[in-house]
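Novice: Here is what each chain is made of, one letter per residue.
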Amino acid sequence: MSVTAADPAHALTPTGNLRRRLLINRLFVGATVGAAGLAVTVLFILIYYVASQGAGKVNLSFLTSQLPLVSFGTVQGGIGPAIVGSGEIVLISTAIALPVGVLTAIYLTEFAHPRVATTVQTALELLAGLPTIIAGIFVAGLLVDHYGESAYAAGLALSIIQVPLIARASMESMRRVPYTLREAADALGVARWRTITGIILPTAAGGIVTATVLAIARAAGETAPVLFTSSAFGTHYQLNPTQQVPNLPVEIYNLVNSANTTAISDAWGAAFFLIVLILATNVAARVWLRRSERKRGL
Amino acid sequence: MTPSRARLARLNRLDARASRALRGLALAGGAIVFIALIAIVYQIINQASPAISKYGLSFLARTNWNPSANVFGAWPMIFGTLVTSLCSLVLATLLGVAIGLFLSLMAPRHVSAVVGPLVEMLAAIPSVVLGLVGIYLIAPFVLHDIEGWLHAGLGFIPIFGPPGTVGNSVFTASLVLVIMVVPIIAALTRDLFLTVPRELLDGAEALGATRWEMIRGVVLPTTQSGIVAACMLGFGRAIGEAIAVTQVIGNITVAHHNLFAGGATLASLLANQFLTSLSALNTASMFYLALILLVMGLATNLLARYVSHHFGRVR
Chain A
0 MSVTAADPAH ALTPTGNLRR RLLINRLFVG ATVGAAGLAV TVLFILIYYV
50 ASQGAGKVNL SFLTSQLPLV SFGTVQGGIG PAIVGSGEIV LISTAIALPV
100 GVLTAIYLTE FAHPRVATTV QTALELLAGL PTIIAGIFVA GLLVDHYGES
150 AYAAGLALSI IQVPLIARAS MESMRRVPYT LREAADALGV ARWRTITGII
200 LPTAAGGIVT ATVLAIARAA GETAPVLFTS SAFGTHYQLN PTQQVPNLPV
250 EIYNLVNSAN TTAISDAWGA AFFLIVLILA TNVAARVWLR RSERKRGL
Chain B
0 MTPSRARLAR LNRLDARASR ALRGLALAGG AIVFIALIAI VYQIINQASP
50 AISKYGLSFL ARTNWNPSAN VFGAWPMIFG TLVTSLCSLV LATLLGVAIG
100 LFLSLMAPRH VSAVVGPLVE MLAAIPSVVL GLVGIYLIAP FVLHDIEGWL
150 HAGLGFIPIF GPPGTVGNSV FTASLVLVIM VVPIIAALTR DLFLTVPREL
200 LDGAEALGAT RWEMIRGVVL PTTQSGIVAA CMLGFGRAIG EAIAVTQVIG
250 NITVAHHNLF AGGATLASLL ANQFLTSLSA LNTASMFYLA LILLVMGLAT
300 NLLARYVSHH FGRVR
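Line order of the protein sequences matches chains A and B. Quick note on numbering: the first sequence equals residues 0 to 297 in numbering that gives the first Met the number 0. Quick note on numbering: the second sequence equals residues 0 to 314 in numbering that gives the first Met the number 0.
Don't read these hints as lab results, they were simulated from the structure. The beta-carbon is built from N, C-alpha and C at its ideal position, and this holds for glycine as well. Don't take each hint at face value.
[Unchecked claim] Just a few of them, taken from the derived set where beta-carbon distance is under 7 Å, the chain B residues facing chain A:
no.: 1; residue: Ala17
no.: 2; residue: Leu100
no.: 3; residue: Ser103
no.: 4; residue: Val127
no.: 5; residue: Ala298
no.: 6; residue: Leu302
[Stated by the list, open to error] Sample of chain A residues at the chain B side, in silico, Cβ under 10 Å:
no.: 7; residue: Leu68
no.: 8; residue: Val83
no.: 9; residue: Leu90
no.: 10; residue: Ala94
no.: 11; residue: Arg217
no.: 12; residue: Val249
[To be verified] Residues from chain A that keep clear of chain B, each with C-beta distances beyond 12 Å, as calculated:
no.: 13; residue: Thr14
no.: 14; residue: Gln52
no.: 15; residue: Val99
no.: 16; residue: Tyr146
no.: 17; residue: Ser158
no.: 18; residue: His235
no.: 19; residue: Leu238
no.: 20; residue: Glu250
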């Protein structure tokens with residue numbers, strides 16, 4: 000019987016079926032890496048493209064000047080009133096959504112009977128999945144038809160978007176408060192409201208604040224709910240909340256629709272400002288949350 | 000010094016009252032959420048009622064939407080909504096699930112800690128900005144580089160019809176929607192894949208399965224209901240997007256099978272025409288469209304919830 004010299008590398012080289020399996024595996028791993036890479040690439044292309052079109056436009060006078068009067072051909076202007084107005088609308092919206100959202104979260108985590116909790120939770124999820132333009136149409140029918148467009152109406156429409164965001168994240172944050180803290184408070188005979196306001200809310204505050212900041216960033220960029228509730232604004236600074244108030248998303252939308260070259264370059268400038276504001280807020284909120292959770296060992 | 004008994008009793012009463020007050024406030028918060036949802040449905044049905052009583056359910060199948068002739072039908076928009084959403088969902092499911100797998104099971108922790116938030120950042124880009132990029136970057140790219148190529152290669156399939164003269168098309172709208180839906184599916188499926196018990200994965204690997212075999216044989220079967228639910232939520236997001244879609248879809252209210260021609264969705268038509276309503280019937284018809292969109296959105300979300308709760312094996 001002849002003995003062939005063993006190739007030392009032979010046993011380590013996959014052959015036949017194993018080779019096929021490893022090849023499929025490698026293709027699959029490559030595909031998932033490719034998918035993730037594609038998503039990140041698209042993000043950077045989007046940011047880069049907006050920056051390349053709009054960054055040159057942004058300077059102090061652009062950020063503070065009154066809006067351009069596109070319909071009369073004079074398109075010299077900036078986005079000052081839209082920035083202030085967006086801030087005002089988002090402030091109104093958050094003033095409605097923050098208490099409602101946090102109270103809903105308290106109700107669902109601390110008080111609710113399971114059956115009622117399921118109903119409210121379902122309503123919350125349905126509200127979270129509500130097409131944003133429906134919020135705009137709803138408020139248009141509810142308020143605008145009777146009282147006209149106003150910052151209040153726009154704020155109400157945006158708060159419909161914000162409530163589920165704040166409520167869900169607050170709930171998650173409150174559920175992560177260790178149950179032992181609640182039991183300790185109960186064992187000491189602490190009243191329920193003191194447990195909630197003195198122990199649970201402060202412990203969950205990091206998550207609630209982050210959720211609120213993210214909801215503010217989200218609301219600042221939403222166009223659809225504001226389009227029918229605060230769109231027919233002038234070019235001047237307008238702070239009266241019973242009137243329609245200029246805002247960035249609708250201003251961008253209108254500038255683009257005007258099909259005027261200067262107006263469109265204004266739109267890019269405004270878009271760049273908006274995207275930087277929103278992405279910076281997002282990054283800051285996440286970094287802050289991670290740090291505050293690490294500090295408390297959660 | 001210990002407080003007197005009377006003072007203690009008063010404190011207790013105060014505490015009981017404050018607890019009850021907080022409970023009442025919290026209940027009010029929950030009630031507002033519930034009432035808001037009911038109010039939205041009621042309000043939209045109410046405002047749509049003139050169109051509902053005029054057209055009935057045949058509104059859904061009527062193919063003519065012509066405000067200047069005061070004739071309204073929802074079919075072109077329902078069709079456009081389904082086509083754009085389903086097209087985007089096909090791509091977004093593949094990409095989103097792949098990213099979810101990458102983030103949860105493949106990537107080293109420090110890589111996924113960076114890539115995960117970056118993917119979620121895609122969802123934070125305002126739709127009006129995405130639409131702007133859609134008009135000036137994606138639409139020309141689709142027009143010059145994709146449409147002709149797909150038409151030449153796959154033109155025998157009717158959906159890849161002759162390219163249009165502008166890049167605004169159903170196909171461009173679908174691509175923009177992919178960018179919006181991918182981060183949702185990726186984030187949901189990542190969390191889902193992380194719930195697969197470690198022992199199952201270790202068991203598969205101990206038996207000599209490759210990564211792909213482990214995912215194919217263990218991860219995907221145990222999470223399939225959750226994946227379906229995640230896709231439904233992505234679909235719900237796609238049908239509801241108004242602004243970015245109206246900026247790139249061309250706003251043509253005709254149902255046709257060519258992906259490279261313009262179209263309209265329920266939400267995009269509302270964004271485009273709601274402020275320029277020509278008659279009371281026009282307004283009511285648009286509320287009817289909003290009602291259809293609302294029902295589709297609510298049904299999708301309820302179905303997603305049902306699927307993940309009743310067919311879920313991994314909770």
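Novice: What are the numbers of the hints the structure violates, in ascending order?
Specialist: Checked against the structure, the hints that fail are numbers 3, 5, 6, 7, 8, 9, 10, 14, 15, 17, 20, while the rest are satisfied.
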